[in-house]
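There are 2 protein chains.
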Amino acid sequence: MRLSKYFLPVSKEAPADAAIASHKLMLRTGMVRQNGAGIYTWLPMGLKVLTRIEQIVREEMNRAGAVEMLMPTLQQADLWRESGRYDDYGKEMLRITDRHDREMLFGPTNEELITDVFRAYVKSYKQLPLNLYHQQWKFRDEVRPRFGVMRGREFLMKDAYSFDLTEEDARVSYRKMFCAYLNAFDRMGLTAIPMRADTGPIGGDMSHEFIILADTGESAVFCDKALLDLPPPGLDLDFDSDLNAEVEKRTQYYAATEEMHDEAAFAAIPAESRVSARGIEVGHIFNFGTKYSLPMNAVVQTADGQMVPVQMGSYGIGVSRLVGGIIEACHDENGIVWPESVAPWHVGLINMRVGDAACDAACDDAYKALTDAGMDVLYDDTDERAGGKFARMELIGLPWQIVIGPRGIENGVVEVKHRKTGEKTEMPFAEAIKKVAPK
Amino acid sequence: MRLSKYFLPVSKEAPADAAIASHKLMLRTGMVRQNGAGIYTWLPMGLKVLTRIEQIVREEMNRAGAVEMLMPTLQQADLWRESGRYDDYGKEMLRITDRHDREMLFGPTNEELITDVFRAYVKSYKQLPLNLYHQQWKFRDEVRPRFGVMRGREFLMKDAYSFDLTEEDARVSYRKMFCAYLNAFDRMGLTAIPMRADTGPIGGDMSHEFIILADTGESAVFCDKALLDLPPPGLDLDFDSDLNAEVEKRTQYYAATEEMHDEAAFAAIPAESRVSARGIEVGHIFNFGTKYSLPMNAVVQTADGQMVPVQMGSYGIGVSRLVGGIIEACHDENGIVWPESVAPWHVGLINMRVGDAACDAACDDAYKALTDAGMDVLYDDTDERAGGKFARMELIGLPWQIVIGPRGIENGVVEVKHRKTGEKTEMPFAEAIKKVAPK
Numbered sequence: 001m002r003l004s005k006y007f008l009p010v011s012k013e014a015p016a017d018a019a020i021a022s023h024k025l026m027l028r029t030g031m032v033r034q035n036g037a038g039i040y041t042w043l044p045m046g047l048k049v050l051t052r053i054e055q056i057v058r059e060e061m062n063r064a065g066a067v068e069m070l071m072p073t074l075q076q077a078d079l080w081r082e083s084g085r086y087d088d089y090g091k092e093m094l095r096i097t098d099r100h101d102r103e104m105l106f107g108p109t110n111e112e113l114i115t116d117v118f119r120a121y122v123k124s125y126k127q128l129p130l131n132l133y134h135q136q137w138k139f140r141d142e143v144r145p146r147f148g149v150m151r152g153r154e155f156l157m158k159d160a161y162s163f164d165l166t167e168e169d170a171r172v173s174y175r176k177m178f179c180a181y182l183n184a185f186d187r188m189g190l191t192a193i194p195m196r197a198d199t200g201p202i203g204g205d206m207s208h209e210f211i212i213l214a215d216t217g218e219s220a221v222f223c224d225k226a227l228l229d230l231p232p233p234g235l236d237l238d239f240d241s242d243l244n245a246e247v248e249k250r251t252q253y254y255a256a257t258e259e260m261h262d263e264a265a266f267a268a269i270p271a272e273s274r275v276s277a278r279g280i281e282v283g284h285i286f287n288f289g290t291k292y293s294l295p296m297n298a299v300v301q302t303a304d305g306q307m308v309p310v311q312m313g314s315y316g317i318g319v320s321r322l323v324g325g326i327i328e329a330c331h332d333e334n335g336i337v338w339p340e341s342v343a344p345w346h347v348g349l350i351n352m353r354v355g356d357a358a359c360d361a362a363c364d365d366a367y368k369a370l371t372d373a374g375m376d377v378l379y380d381d382t383d384e385r386a387g388g389k390f391a392r393m394e395l396i397g398l399p400w401q402i403v404i405g406p407r408g409i410e411n412g413v414v415e416v417k418h419r420k421t422g423e424k425t426e427m428p429f430a431e432a433i434k435k436v437a438p439k
Numbered sequence: 001m002r003l004s005k006y007f008l009p010v011s012k013e014a015p016a017d018a019a020i021a022s023h024k025l026m027l028r029t030g031m032v033r034q035n036g037a038g039i040y041t042w043l044p045m046g047l048k049v050l051t052r053i054e055q056i057v058r059e060e061m062n063r064a065g066a067v068e069m070l071m072p073t074l075q076q077a078d079l080w081r082e083s084g085r086y087d088d089y090g091k092e093m094l095r096i097t098d099r100h101d102r103e104m105l106f107g108p109t110n111e112e113l114i115t116d117v118f119r120a121y122v123k124s125y126k127q128l129p130l131n132l133y134h135q136q137w138k139f140r141d142e143v144r145p146r147f148g149v150m151r152g153r154e155f156l157m158k159d160a161y162s163f164d165l166t167e168e169d170a171r172v173s174y175r176k177m178f179c180a181y182l183n184a185f186d187r188m189g190l191t192a193i194p195m196r197a198d199t200g201p202i203g204g205d206m207s208h209e210f211i212i213l214a215d216t217g218e219s220a221v222f223c224d225k226a227l228l229d230l231p232p233p234g235l236d237l238d239f240d241s242d243l244n245a246e247v248e249k250r251t252q253y254y255a256a257t258e259e260m261h262d263e264a265a266f267a268a269i270p271a272e273s274r275v276s277a278r279g280i281e282v283g284h285i286f287n288f289g290t291k292y293s294l295p296m297n298a299v300v301q302t303a304d305g306q307m308v309p310v311q312m313g314s315y316g317i318g319v320s321r322l323v324g325g326i327i328e329a330c331h332d333e334n335g336i337v338w339p340e341s342v343a344p345w346h347v348g349l350i351n352m353r354v355g356d357a358a359c360d361a362a363c364d365d366a367y368k369a370l371t372d373a374g375m376d377v378l379y380d381d382t383d384e385r386a387g388g389k390f391a392r393m394e395l396i397g398l399p400w401q402i403v404i405g406p407r408g409i410e411n412g413v414v415e416v417k418h419r420k421t422g423e424k425t426e427m428p429f430a431e432a433i434k435k436v437a438p439k
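Going down the list, the sequences are from chains S and L. In this text, residue positions in the first sequence follow this note's numbering: the first is 1, and each later residue adds one. In this text, residue positions in the second sequence follow this note's numbering: the first is 1, and each later residue adds one.
Incorrect hints may appear among the rest.
All copies of an identical chain are treated as equivalent in the list; a pair is satisfied when it fits inside any one copy or across any two copies.
[As the list claims (entries may be wrong)] Straight line, CA to CA, 16 Å or less: simulated EDC-like cross-link-like pairs of lysine to aspartate or glutamate: (1) K126 - D383; (2) K126 - E384; (3) K91 - D101; (4) K48 - E68.
It is worth saying that the hints were derived from the structure and are not from the lab.
Put together the whole structure using the sequences plus the hints.
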């Protein structure tokens, strides 16, 4: 992408009303613009990152056998009356009345709607197990939206729903999601720690939050240091195998959020292994059995002809919140430092003297060569001064920078900079393209 | 995708309440499920098609130089008061009040919001031209939603907005979209005819609807037959060149919707060239100058230091509606006949005797070979009887079918069927994979 044809409204000043690094940086880099309390427009660079996260989540859900679909944003109030949650949900639910005075709502979550879809089509144990997911905008009317996309009102969530015949089958489905989550977060460059969690308004008897550590995290978390060093299950995991060991490898260690914290159990961990920190919730999984299938009559026939309510679980990932979460985990004093997997572009190419024929030609060739090699490139072909170009490229935090200027061209070299380490090296372009290629 | 692990709830009966072919077929093939008046869940196969259309639209918008972003579904009422449309829009606008009694609305279109984004960042003619687009769910509270996704209330629209310094520049932007639309619809297997249109509530002095012909179309349309045979501008079109000739090649011929129809002008066309038919609107483009920039004070500085309101246009494509529109144009008595570019899968692979070792092995090998060759395959590995499998595969309308059974295995052949022509041929699998490969 040529920057001169793009829309990247970077600003020099830090906005006064942003309290945390990710919010400041998302505003300064022109990733989002606020349109109302907790409601954001995703400007082009912001959308690029959001889409990359969405795609990683999609790939890991599909790998675990879940099937993608898409539910609407608006739902009928009557469906929520069936589960009893319409009155329970409180003011966070945005209630809407249409022109015919029908009561609707902007979905804050989708247990009721997916149960309604399920009961319309699935009648037999032979159609199980089933795991359906979508990535759709939700609305929760938070009383005090804050921290930018970290606690917005309109937010993008991936929510998956599993359906099984028996409690044991439901645990198998739960473990698949548990492992898929670890892989997905790892691919985004994050270490997410599963912690026993309160089930809250979703309900159920088994629940884990996936937490990444960050000083600006919304809640205190406590865990065993061993959890920080465990590798993810890996993309070659056989999801049809017994995943119990993979789960227990983690659940054997202490890890809990504030609400579930057990001071005595934590004190029993050797002092040097105790981690007490702040955390950001990026995922939450629930096994809630028949909490919705029973009142909503979502039943399936068993092999011996009985009708039983289906066992369910739900599995959320805060997709838009992750954009903020990743920045909290990955930034320095000069700006964002994107992990390669979610970076809006892989390489930033800086033309040091736009209008100089040799410089323009070398940059155009480099842009074409990098693009042809399959890399996503942001080519700064604007006529701003060098200092501004460097600062902007640092701020938006692409993994690699290639700088081409008249002096380098004379010497047959370009400058390659690695954003994360800050390492700068001069080398011929033919070497540079190999150095920056994704490994 | 193995059908046994997928969710494709095909139904044998035609639903009683669906009036047109696309609605019937989308319900029968389990592409969508209605969740309320004009509100649909996109089941997995439906979402696959929707996503393919979205991707074609994205590629053609990007090719024409537009930049993708994403605005939220909910907007502030105050923004619509600035343009004066909050009171004008009527009951089709879904008005919402949040917990703090702030007035909001579910966006039916985005002229106000994009103008607000623009004025926040763009101050100089040097930042123009600019064309920003998004693909986002909209809501229009139709009094009588009908025809499935063709006239839903919650629907997916691509809307682009162009910003230019002068009226002539704005016409250049308009022509780019005009040509991009012709290419996009052509890639979907559709012949879309641009017709002079009323500008309606969007406003402006120049507007074209893009109409595909279908017996079930919502309005009468009239045009010169020559328009049906014109090839699209082509994907190698240089969008920086003068596109006037490309546009006039079409606008020289008579073409108008009912509201704009001029009986005398139509009568002047030779009788054999007069086409009077029904049409479905799949796109609508507008050039409305300063209708929004003036009241909302979206001004830019010119080269000689003056502040002038920016010239704007907007460009819509009914992305979810197109799923229905394509089916209206592409079906027969046995079901849907997808154009290759939007088909949910390219090939349907039918295993005629699941459980038979030789049959299973041959199918597994074929599935792997087709997938490795980059084709998207739906592998019917269910244990239903052959008749049901054939009927279902016809109904969902994938471009190609490959049928593998015990008799064929003995003779070293598979059966290849082309859905559109109905042509069936037996040949070795090595030939079949070449025959079905996208050309």
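Verification of the supplied hints:
Within a single copy, K126 and D383 get their C-alpha atoms only as close as 64 Å, which misses the 16 Å cut-off; across copies the closest is 11 Å, which meets it. Only between protomers do K126 and E384 lie at most 16 Å apart by alpha-carbon distance; the minimum there is 12 Å, versus 64 Å within a single protomer. For the identical chains of this complex, K91 and D101 are inter-copy neighbours only, at 12 Å across copies versus 20 Å inside a copy, given an alpha-carbon limit of 16 Å. In the homo-oligomer, the alpha carbons of K48 and E68 lie at most 16 Å apart only across protomers (9 Å), although the nearest pairing inside one protomer, at 21 Å, exceeds that limit.
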